[in-house]
Every structure is written in structure tokens, then in C-alpha cells.
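There are 2 protein chains.
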Amino acid sequence: MAKQNKLGCFFSPKSVAVVGASREPRKIGHVIFRNFLEGKYSGKLFPVNPNAKSLFGVRCYRNVRDIKQGIDLAVITIPAKTVPKALEDCGKKKVPAVIIISSGFKEIGNMELENRLKTIARKYDIRILGTNCIGVYDPYSGVDTFFLPPYKLERPGKGDIAFISQSGALGSVVLDWMSMKEYKISKFISYGNATDIDESDLMEFLVRDSKTKAICAYFEGVNDGRKLVEIAKKHSKKKPIIAIKGGATSEGIAAVSSHTGSLAGEARIYSAAFEQSGIIEAGTLEEVFDFARVLATQPVPKGDKVQIITNGGGFGILTTDWIVKSGLSLADMTAKSKGIIRKACPPYASVKNPIDLTGDATTERYAIALKAVLDDPNVDMIALIILFQIPTLTADVVDVVAELARARKKPIVVIAAGGRYTEVLKKSLERNRVPCFSYPEKAASALSALYNYSKGDRP
Amino acid sequence: MAKQNKLGCFFSPKSVAVVGASREPRKIGHVIFRNFLEGKYSGKLFPVNPNAKSLFGVRCYRNVRDIKQGIDLAVITIPAKTVPKALEDCGKKKVPAVIIISSGFKEIGNMELENRLKTIARKYDIRILGTNCIGVYDPYSGVDTFFLPPYKLERPGKGDIAFISQSGALGSVVLDWMSMKEYKISKFISYGNATDIDESDLMEFLVRDSKTKAICAYFEGVNDGRKLVEIAKKHSKKKPIIAIKGGATSEGIAAVSSHTGSLAGEARIYSAAFEQSGIIEAGTLEEVFDFARVLATQPVPKGDKVQIITNGGGFGILTTDWIVKSGLSLADMTAKSKGIIRKACPPYASVKNPIDLTGDATTERYAIALKAVLDDPNVDMIALIILFQIPTLTADVVDVVAELARARKKPIVVIAAGGRYTEVLKKSLERNRVPCFSYPEKAASALSALYNYSKGDRP
Numbered sequence: 002m003a004k005q006n007k008l009g010c011f012f013s014p015k016s017v018a019v020v021g022a023s024r025e026p027r028k029i030g031h032v033i034f035r036n037f038l039e040g041k042y043s044g045k046l047f048p049v050n051p052n053a054k055s056l057f058g059v060r061c062y063r064n065v066r067d068i069k070q071g072i073d074l075a076v077i078t079i080p081a082k083t084v085p086k087a088l089e090d091c092g093k094k095k096v097p098a099v100i101i102i103s104s105g106f107k108e109i110g111n112m113e114l115e116n117r118l119k120t121i122a123r124k125y126d127i128r129i130l131g132t133n134c135i136g137v138y139d140p141y142s143g144v145d146t147f148f149l150p151p152y153k154l155e156r157p158g159k160g161d162i163a164f165i166s167q168s169g170a171l172g173s174v175v176l177d178w179m180s181m182k183e184y185k186i187s188k189f190i191s192y193g194n195a196t197d198i199d200e201s202d203l204m205e206f207l208v209r210d211s212k213t214k215a216i217c218a219y220f221e222g223v224n225d226g227r228k229l230v231e232i233a234k235k236h237s238k239k240k241p242i243i244a245i246k247g248g249a250t251s252e253g254i255a256a257v258s259s260h261t262g263s264l265a266g267e268a269r270i271y272s273a274a275f276e277q278s279g280i281i282e283a284g285t286l287e288e289v290f291d292f293a294r295v296l297a298t299q300p301v302p303k304g305d306k307v308q309i310i311t312n313g314g315g316f317g318i319l320t321t322d323w324i325v326k327s328g329l330s331l332a333d334m335t336a337k338s339k340g341i342i343r344k345a346c347p348p349y350a351s352v353k354n355p356i357d358l359t360g361d362a363t364t365e366r367y368a369i370a371l372k373a374v375l376d377d378p379n380v381d382m383i384a385l386i387i388l389f390q391i392p393t394l395t396a397d398v399v400d401v402v403a404e405l406a407r408a409r410k411k412p413i414v415v416i417a418a419g420g421r422y423t424e425v426l427k428k429s430l431e432r433n434r435v436p437c438f439s440y441p442e443k444a445a446s447a448l449s450a451l452y453n454y455s456k457g458d459r460p
Numbered sequence: 002m003a004k005q006n007k008l009g010c011f012f013s014p015k016s017v018a019v020v021g022a023s024r025e026p027r028k029i030g031h032v033i034f035r036n037f038l039e040g041k042y043s044g045k046l047f048p049v050n051p052n053a054k055s056l057f058g059v060r061c062y063r064n065v066r067d068i069k070q071g072i073d074l075a076v077i078t079i080p081a082k083t084v085p086k087a088l089e090d091c092g093k094k095k096v097p098a099v100i101i102i103s104s105g106f107k108e109i110g111n112m113e114l115e116n117r118l119k120t121i122a123r124k125y126d127i128r129i130l131g132t133n134c135i136g137v138y139d140p141y142s143g144v145d146t147f148f149l150p151p152y153k154l155e156r157p158g159k160g161d162i163a164f165i166s167q168s169g170a171l172g173s174v175v176l177d178w179m180s181m182k183e184y185k186i187s188k189f190i191s192y193g194n195a196t197d198i199d200e201s202d203l204m205e206f207l208v209r210d211s212k213t214k215a216i217c218a219y220f221e222g223v224n225d226g227r228k229l230v231e232i233a234k235k236h237s238k239k240k241p242i243i244a245i246k247g248g249a250t251s252e253g254i255a256a257v258s259s260h261t262g263s264l265a266g267e268a269r270i271y272s273a274a275f276e277q278s279g280i281i282e283a284g285t286l287e288e289v290f291d292f293a294r295v296l297a298t299q300p301v302p303k304g305d306k307v308q309i310i311t312n313g314g315g316f317g318i319l320t321t322d323w324i325v326k327s328g329l330s331l332a333d334m335t336a337k338s339k340g341i342i343r344k345a346c347p348p349y350a351s352v353k354n355p356i357d358l359t360g361d362a363t364t365e366r367y368a369i370a371l372k373a374v375l376d377d378p379n380v381d382m383i384a385l386i387i388l389f390q391i392p393t394l395t396a397d398v399v400d401v402v403a404e405l406a407r408a409r410k411k412p413i414v415v416i417a418a419g420g421r422y423t424e425v426l427k428k429s430l431e432r433n434r435v436p437c438f439s440y441p442e443k444a445a446s447a448l449s450a451l452y453n454y455s456k457g458d459r460p
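Which chain is which? The protein sequence lines are A and B, in order.
Per this note's numbering: the first sequence ends with 460, consecutive numbering throughout.
Per this note's numbering: the second sequence ends with 460, consecutive numbering throughout.
It should be emphasised that the hints constitute simulated quantities derived from the structure, not laboratory data.
There's no promise every hint is true.
All copies of an identical chain are treated as equivalent in the list; a pair is satisfied when it fits inside any one copy or across any two copies.
With a Cα cut of at most 20 Å, we get these calculated EDC-like pairs of lysine to aspartate or glutamate [unchecked claim]:
1) 428 x 155
2) 339 x 252
3) 456 x 210
4) 326 x 252
5) 153 x 397
6) 153 x 424
From just these sequences and the hints, can you work out the full model?
Put into C-alpha cells, the structure is as follows:
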């Protein structure tokens, strides 16, 4: 099997063995086995544990080699010192892909044990994810090696944003946060010590993954900087890659070395490498996903000119400030657009930039204004502020925006602050691939990231 | 009645007249009357409408002067041209405080009508809030002049943060957002055209208000800059005032002039005036309330040294980066503290800054570490990262943190990203006056604002 094909086995295995599956609820092997058994995974499942005959009604095997059928993926959860033997068994069984959840290797300085795994992997041509990781979550196939119960840590639904995180804990709590926000993902991968598979391998795989439209990454250190730059350079224009680097200050770098023992390297070296290779650098974790949601869903803008439409003056002003501060510019509509909007609005409405449809704006008024600016050659992108709470505005404004955005003629982002009523409407827009933000600064910097990413694509 | 005493009538009136109360559900006077009737307001209530005998079983009056009892507050919702007559009636009735919701005055250039109101107010010594505003929301007294139904726009509960907003729409949707976050407030005031009462009057009132511990403000322009600077200078050290200015760029300033016709003035002039008068300037609306939650609840730090405690390495690193980027410094614990924490933790825990209690941290471990750093003379502030999702950590960590924070020995902020389970625990901490954040950058800049605000207070 080709190296990159083997990576597919981590996400869409037809058969999975859980080495260390257990009846004991506090054991990692218990939680992971039950994720496969009770979750969305629909392939074959084989618990491996020499001390059990069956687990939850499923026949249990003493050794992975005792299983008659072929195994696409083995998940190893047993103590570090017993891992080499289990990996060797997987090799003999010709398992192409192994996730090693177990810790106690490089991260505690045990290089000897870590190197033994590398030797075994090379000998049997096994691809390893881990060691010392939480593995994979794939909402499409149901692969879920998190050892945290869903009541404490929710899993996001099926989407098109992939997320790679060196740190499993950080990645998993971010997924939990994403679930609450109803942000969707294509795949999540934590690669821990990168004993074999590293960030560059994953990036190369995800670039080719048809379910993934944007790739997000949290790095602390990078195994092989040259490899990463090369791969990103080759692919970043095809699919946006957004990254954040932990350890941006010398104090942060010191903290990295306590955490994973990675060589963090100076932030400016990373920033330069990111820029050189077309990786979009985010300033915060939230920004990573703000950028990804816009880059995964919105078309390439023709230029940097943003038209703001609002039904609240204050938010129009703050958005104007942030569009300018983000390095974008304000569109100047054609006289034709102004005429169309002017005709649809009362005299006290402001038909400039921002277009202020005012506090008695209706869905109809939004429809006319949005249509006009979508057709306007002077407008490249649209920041659409909707205060859904305003009495004259009905909830069907969501249908109108979703419908007009569907043609993906120009990038549209929505800004809407509010409570539960507003959140329901925003989530409906998000499901229709219209990215929504509570506050202007986030929308503006995401539009700016989109513009900067796509600059090179324009003639 | 003294001028400032009259301001009290806007928030705690014993009797309220709604001029323009109506049976027609789409009328503003209908919604406001029902807010008083069906909400938490428990004083006397008098609808005024010449065309009705009674409204929802309450006797209706033709004119405010027909009411026998004294009226503390009148809310006027009738069309602009009929407002002077109604205000004159309020004057004759000796109503001390009048909210004029109605628009159609200065904001559309009708200075003549606006000036007539000023003259009447002076003649009868009436204090006016408005015109062209959404008025007041006070969770303690139940005064609620918002004309938006609660299912669309929720109201926050009783707290100690006051919020003044020139823009009613902006202010009200932010309150809706605050409700969802369970941020609490003491009072909300939108003052619209500032026909009489302006931002400085409100600030002076709120400084003396025992329910308010921090004052937040959104300005577009300021009526009388000198007055604001003087009042803020006098009071800002007693109670933190946090402001954001709409119109920070020349493009934003142009948008302000379309919105309220205020003279916005250059951002740097405002920034200088804010700094000179001790007003804390926030960069974003979210930051306004991040700062307020920390400044209203946390004690004055002795210095800028922050100790980070975490159970997730990645978040520890990002927090380190942001503490440094925010201009604060990392604490260096005493050997005694290190010894205490070292003894309570497994050997792979890191007892530096950040303290990494690791992925198997327990409530017990948090208790020991937090207690040690609270007692440590080298630590001024604490950034406490809690990944609640970690299997070994039980929910009672919330009780431990709340208990230790209660003594208000040192500022503590919590950083915890996650979904619904985590949000429940964070909201419990917030109720216990421990400010919580999802991501490090926000916690760090709020601690920085607290430190900078209190710098002057230290010997």
C-alpha cells in the first residue's frame, strides 16, 4: 500500500482492532472501544485483551494475530513498555495503520523505547500516529479515539474544516468548543510525539482529501521545517492552510520545551516560514476557525473593496473602523446601485458606505440592497450587519441572505450580536455556508485573510 | 429635588406614567406599557391615552395631569410634534423625570422642536432622558423601556456593571448577547440625542450608585468633552470607567456623522482625553465587558507578576505568550511554593511558570497549587487554566476555586475552552465572582487592564 494510501486507513478503516480494550470504565481502552461500538462507526470491530473472552458481547482476542480477518487500523492503549510487542504483532498481522495512544516515550525522555517503535514500523512498513496522542476523530466514518466521554466533551458534526493539533488536550477542548458553536469539521488529528507521521504528512494527505476545504493547525514545534515549507508551498494555493504557533515569545518557547520537549524556535522564523510557504498565520485559536470558516465557504474576491449593509448605525460605524484597520477599503457603489437602494428606503436611510437601512428595515429592504451590491462592479466583498432583534425585521431575512449567497458571486459575511433568538438564526445561516460573527473586528480580519490569501490568484 | 436626585427617578420610580400606552401590539407605547405591567416593576402604573378608558384592566388617563397621585417618571412614546405639549403637561404635574423615546428631533435636523423641549424642561425643572432613545433597563427595579419583546431580545439579570450607550440599537443587542453569556448588569441607559442628560451626567450619577462597581460606555460623539474629562478625572479612580469610541478611523468618523450627526472628532484626541481622565479605553465591545467583569470583581494587584496554573500544556504556552504580549510579566514562585506543589504532583508535572498539573490533575492538586500561589509573595495575579473535560478532574474544582477566590487576596481569572459541560461550570464560577474566559488573549488583556488601572493606587 502506498504511504499516503495507508493514511486513509486512519480515517476510513473497514476493520479496527482496539489493543487494550477493557471492561474497566476508567481505562482508556474501555472508553475508546465503546466509542467504536456505540458511536457512528459501522465497520468490523475487534477487542484485543488476553484477559477477556468477550467484551460487551463482542468476541475478544488474546492477540491481534489471532484475528482471522484483515485489520485496517489498530488502536494501542496499553502501557508503554508493552507497546513494542503489540506493534510487532500488528506488523506480523500486516496492519497498515496503528494509532498509539500510550504515553511514556520521547516526551519523558525515553528515546530508546521510542526508537524501538520506529525500527519496528520500518521493518513492517507500518504507519504510526502518536505516540502520546489522542488520535483521530472523523465525523464521517465514526472513528473516535478520544478517551473523554461525550457528556464532558462534545464532538462536532460533519463539515469541511480539518484540524491538526500537536497537543491532544488543546485540540480536543477546542473541538468541544466548536461543537457548541456548531462549527463542523472533516477530520481531527492529534499526532503527539510524531514518532512516524508528522504535521507535513498530515497536511499532504489533507490537501488531497475531498472532504476537506480548509486545513487548520496548532503547532508547538515542527519536526522537519524544510519538509513542511516544501509541502505547504506546493499545496497552499490549492487549499488554504491556517496555522497558529504556540510559543510566540521567549517565555512561551520555554514553556513549550517543558511541555513536549519540542524545539520551538523563534516566532519570527516561523512567521517567515509560514509566509514564504503560503500558510496563513492566525493570532488566536478563535481566529484560526474564523479564517477557516470564511476561506472554506466564500469565493475569491476580485479586490479589497467592502460594502457594509446595516440596520444599526452603531455597528455600521464599528465595522467601518475595523474594515479600514484590517487593511481593506470601503467600496463606493455605482450611481445605479444607489438609485435602486434609495428607491426602496425611506428618506432618512443612508445610502453610502455603510448603507444604513435603519431601525425599521424589513427583509424586503435587505433583499434589494444585497442584490444591488452583489451586482455592483464597484463592490468586491460584503459585510452584512443584521440586528435580528429589530421589530420590523422578520426571521425570513435568513432565507433571503442564504439564497442570494448560494450563487457564491462575492464573499459575504454576517455580523449579528445577540442572544438565543439571534444565535438560532445565525446557526441557520452557517448551515447555509454563510459565516457569521458576533462582532465586527472578527468579520473584518477574516475578510482580510480571505483577500490576502487570494491576492495571488487574480490576473 | 436636586439634579442628581432626580436622576434616581429614572431607575427607581415609585410611580410611572406611560404617555402613549396603547392596545395596538405594534405600537411602542404598547410594548413599554406591558413591560411595566407584566415585568418585575412593582410600583404604581398609569397609562395615558385620550382614546382609551382602560388598558389591560388598568384605568387609563386622558392626560398625565388627570392622575391624582404624584408621578416619579413619565415615559413619552407619542409622535414628535405632540411631544412638547405632553412635556408641558408633565411640567405642570411636577413630574421630575421624563424619558422621551420618540424620534424626529435633532437627529433629523429638527433643531427647532428639540430646542422647544429644552425650553420646557428648563421652565419646569424636568430632567429628560432622550430624545430618540430606547431609555432605561434596570433589573433591580424592573424599569424597562425597551420596545423589543424578550423572546427576541433577552434582558440580563441583576449585577454590578452599568452600561451607557449613545446608540440604543447597539446597546440593546449587546444586552441580549450579555444575557446569553449570563453577564449581569446594574443599569443600562441609552441617552440618544442627549437633549438634556448627557454621558457626563450619567457617569456622575453612576459613580455614586451603590449597585454599580464598573461603568461601561459606548460613545460616538461627546456633547461636552471638557465636562466629561473633568467628571471622569474626579471619579475614575474610585470606580473604573471603561469606554469604546465608535469612529476610530476617518471613514468611521464619516459614518458617525451619517448616524447621529454627532461631531465625532479624531480618535487620537479621544484616546488622549480618555487617558488623561483615567477612562480605560477598550478596543472592542467584547473587551469592554471583559475588562468590566475583572475590574468589578477582582482586588487590586500588588504588581504585574502573573502565575499560570494549567492542566493542559498547550493552553499554558498560549497563555504565557499572551501574558508577555499584554505587557505583564511571569511570576517566579518562592522555593517554598515550589516544594509544596512538587510534593503534591507526580514527577512529570512541571513546577515552573506555567505550573503544569498535567492531564491527570485532580481537584486536590488544583487546591494545593492555588493555595500555594495565593500565599506566595512573588505572585501578584493568577491565570488559572482549567480544562474541565479531563477525566481525572471532578466538577467540585469549581467549589475549591470559588472558595479560595472569595477572600479576594489576589486577582484570579479562569481560562477554560469547551462546550456545554464546561460552560455550566464557568457560569457557576462567574456567579461566584470569578471571571472566566474561553481563550488566553482575553484573560491576559483584562488582567493587564486591571493592573494598569490600579497602578496609581500602589504606594
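Tested hints:
When the C-alpha separation of residue 428 and residue 155 is checked against a cutoff of 20 Å, the pair qualifies both within a copy, at 17 Å, and between copies, at 18 Å. Taking the shortest Cα distances, residue 339 and residue 252 sit within 20 Å of each other only across copies (19 Å), while inside one copy they are farther apart (53 Å). Neither within a single protomer nor between protomers do residue 456 and residue 210 lie at most 20 Å apart by alpha-carbon distance, with minima of 24 Å and 53 Å respectively. Taking the shortest Cα distances, residue 326 and residue 252 sit within 20 Å of each other only across copies (10 Å), while inside one copy they are farther apart (29 Å).
Taking identical chains as interchangeable, the C-alpha atoms of residue 153 and residue 397 lie at most 20 Å apart only when they sit on different chains, with a minimum of 14 Å there against 35 Å within one chain. In this assembly of identical chains, the alpha carbons of residue 153 and residue 424 lie at most 20 Å apart only when taken from different copies (11 Å versus 22 Å within one copy).
Checked against the numbered hints listed earlier, the structure breaks hint 3 alone; every other hint is satisfied.
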